[in-house]
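Okay, here's what each chain looks like letter by letter:
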Amino acid sequence: MKKKMFVVALGVIGALVATAMPASASSSGISGNLRKGTWVHYGTARTITVGGTNIYVNKTDGPEIGVKWRRCSGGAEGSEVRLQNADPTPRVRIGSNFRASTVFCLSAKSYGSNTTDTWNGNVWWNVN
Amino acid sequence: MRFVCLLVLFVAGCASPDGYPDEVRSLYSTMRWPSDVRPDLEALIKATAPPDGEQGFARQALAVVNTCAWYRSWDAAVTRGDTVSAASALDAITNLVTRYPPEGDKAGREFVRDAAAKAAAGDPAPVRDYVDANCFDTKWA
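From first to last, the protein sequence lines stand for chains A and B.
Numbering follows the working numbering, in which position 16 of the first sequence is assigned residue number 16; successive positions increment by one, without gaps.
Just add 1000 to wherever you are in the second sequence, counting from 1, and you've got the working numbering.
Hints in this document: simulated from the structure, not taken from any laboratory.
Using N, Cα and C, we set each Cβ at its ideal position, and we do this for glycine too.
Warning: the hint list may mix true and false statements.
What the hints assert, rightly or not - Not everything, but these chain B residues come out facing chain A in the computed CB check (under 8 Å): (1) F1111; (2) Y1130; (3) C1135.
Stated by the list, open to error - Distance windows between CB atoms, simulated: (4) P1051/B x N97/A: 24 to 30 Å; (5) G1056/B x S113/A: 24 to 30 Å; (6) G43/A x W1140/B: 20 to 26 Å; (7) N122/A x R1128/B: 29 to 35 Å; (8) D1036/B x K36/A: 43 to 49 Å.
Build the full structure now, drawing on both the sequences and the hints.
This is the structure we're talking about:
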């Protein structure tokens, strides 16, 4: 009986994960330089290929930071989202309901005590 | 061969000591553009400039805008029945544009390959989606 319940629970969890993360979900690690109080643009372009999906970020190392997405070709960007000093941070949504084929880049700035710093984390896109 | 030479220049970058505007102008001049669709370079520099004008960000901005330019050129040529221009643009869409997304952007690489295949089959939908999503407010020269 316990085994059956365990299998059912695994199935439910699997279904939930499958719902939240479409087959085309994408992710990668981030390592970036930071400046205190000043936005730093990062040069890696990533493409949204599933319309209506979102971008999420977390931080695994580094000071408190602000993060935002921006369109690599200019003209549009998201609002700043703060990631606290305690690591790892929860995964937070920094943009939502993107149009398919949008090419986005990331920017970050530090709220730590050092003039310059670094951070590490992860970015997920094509995610519901 | 010409595509390969241009790509090598593009990947290597052409940084100058005069900051982001010169980086954009220098890299732009090494790239292949359609004769009928070119960006307003000063407007592009203004729209994409990093906060402190530092170099290193021209490549991805120009890659997206160059992709939009070839997509727009191909779509316009097909619409007006200009088979010669359409074939030239399709060649760039297939052999140049597909090399822009970085290795880590697998979804992006698949998208541009799929867009090229669909354009070759006469389907403009992915090409138009890309332009609408990334260049709807780009100023063209």
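Going through the hints against the structure:
1. F1111: Given a least distance of 5 Å, the restraint on F1111/B holds.
2. Y1130: holds, 4 Å
3. C1135: Check passed: Cβ of C1135/B comes within 6 Å of chain A, closer than 8 Å.
4. P1051/B x N97/A: 24 to 30 Å: Holds, since P1051/B and N97/A (Cβ atoms, about 27 Å apart) stay within the stated range.
5. G1056/B x S113/A: 24 to 30 Å: holds, 26 Å
6. G43/A x W1140/B: 20 to 26 Å: holds, 24 Å
7. N122/A x R1128/B: 29 to 35 Å: Given about 32 Å between the Cβ atoms, the range holds.
8. D1036/B x K36/A: 43 to 49 Å: holds, 46 Å
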